[in-house]
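Peer 1: One letter stands for each residue in the lines below.
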Amino acid sequence: NAGVMQNPRHLVRRRGQEARLRCSPMKGHSHVYWYRQLPEEGLKFMVYLQKENIIDESGMPKERFSAEFPKEGPSILRIQQVVRGDSAAYFCASSPPNYSSGNTIYFGEGSWLTVV
Amino acid sequence: DAKTTQPTSMDCAEGRAANLPCNHSTISGNEYVYWYRQIHSQGPQYIIHGLKNNETNEMASLIITEDRKSSTLILPHATLRDTAVYYCIVRVGGETSGSRLTFGEGTQLTVNP
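Chains A and B supply the protein sequences, listed in that same order. Each residue of the first sequence is one higher than the one before, counting from 1 in our numbering. Each residue of the second sequence is one higher than the one before, counting from 1 in our numbering.
Keep in mind that the hints were calculated from the coordinates and are not lab data. Backbone N, C-alpha and C fix where the C-beta goes; we use that ideal spot for every residue, glycine too. Among the hints, erroneous ones may be present.
[Said to hold, decoys possible] With a straight-line cut-off of 27 Å between C-alpha atoms, the simulated DSS-like cross-links for lysine-lysine are: (1) B:Lys69 / B:Lys52; (2) B:Lys52 / A:Lys51; (3) A:Lys27 / A:Lys51; (4) A:Lys62 / B:Lys3; (5) A:Lys62 / A:Lys44; (6) B:Lys52 / B:Lys3; (7) A:Lys44 / B:Lys3; (8) B:Lys69 / B:Lys3; (9) A:Lys71 / A:Lys44.
[Unchecked claim] Example chain A residues on the side facing chain B (calculated, C-beta under 8 Å, incomplete): (10) Gly16; (11) Tyr33; (12) Gly42; (13) Phe45; (14) Asp56; (15) Tyr106; (16) Phe107.
Start from the sequences, fold in the hints, and give me the full structure.
Peer 2: Here is the structure:
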C-alpha cells in the first residue's frame, strides 16, 4: 500500500520563480489537503480539495498561491513569484470520501521549499 | 472544531508508559478525538482516534472520559523513537466541508534513556 506521495522532496527556487509541488493521494482517497509548516512553527491548514473542486481554501494566501486536484493526475500546489518567506515544508494529506466513521487523514513526508 | 489544551512538554523514561493528557471541554457530540505525532522533519503520523469509547491499536491506547471533555493517549512502552510532538485534535465527523485537522501547539514528548 503506497502512502501519500509528494514530490519533489526538496526544491530550491530563486526569488521570483515558480514552485510546483505535487501530491498523489493514497489509493482510494479522493480528498486532498495541503498544509504549510514554517521553520520552527506549527502546521497551518491551507486548502482542502476534492477531485476537480476546491472545498475550503480559507488558509490559502490570497495572492501567488493556487491549488488544483484534476480528475486525472496528482494534486498540485503552485506558488508563483516565490519570496523568501515562502521557504517552508509543505505537507499534503489525503482521506477517503466517507466521513461517517471519523475517517482518517494520512500525511505525506512533505516537500521542503527553499527560496534563495 | 473544538479547541484542545495540552501540556507543552513531557518527559518519560524509556520502557515506561507515556500518558499524554488532552482537554477538550467544548467538544460537540459529533466530534472525534484524533491523535497525531510529528517526529522532527517528518510528516505527521496518525496514531489513533475515537468518538466516545476507549480505543486501542498496535501503537497506542486512547482513553476518553465519560463526559468526553478530556482524553489520554497512552504509549504502553515508550522507546527513544517515540520522541516527537504529539497533537490532540478534535474534528467533526459526518459529511461536512471543513473536515480538516486543525493543529495546535501539541506536547513535546521526550523519551529519555
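Peer 1: If a hint holds in the structure, say so; if it doesn't, say that too.
Peer 2: Status of each hint after checking the structure:
1. B:Lys69 / B:Lys52: 10 Å, holds
2. B:Lys52 / A:Lys51: 32 Å, violated
3. A:Lys27 / A:Lys51: 13 Å, holds
4. A:Lys62 / B:Lys3: 26 Å, holds
5. A:Lys62 / A:Lys44: 15 Å, holds
6. B:Lys52 / B:Lys3: Given that 27 Å is the threshold and the Cα spacing comes to 17 Å, the pair holds.
7. A:Lys44 / B:Lys3: Cα-Cα ~15 Å, so holds.
8. B:Lys69 / B:Lys3: This hinted pair holds, its Cα atoms lying about 11 Å apart.
9. A:Lys71 / A:Lys44: Distance ~26 Å between lysine 71 of chain A and lysine 44 of chain A Cα, so the pair holds.
10. Gly16: 27 Å, violated
11. Tyr33: Holds: closest Cβ of chain B sits about 6 Å from tyrosine 33 of chain A, inside 8 Å.
12. Gly42: Given a least distance of 6 Å, the restraint on glycine 42 of chain A holds.
13. Phe45: Result: holds, 5 Å to nearest chain B Cβ.
14. Asp56: 5 Å, holds
15. Tyr106: 6 Å, holds
16. Phe107: 4 Å, holds
Violated hints for the displayed structure, listed by number in ascending order: 2, 10.
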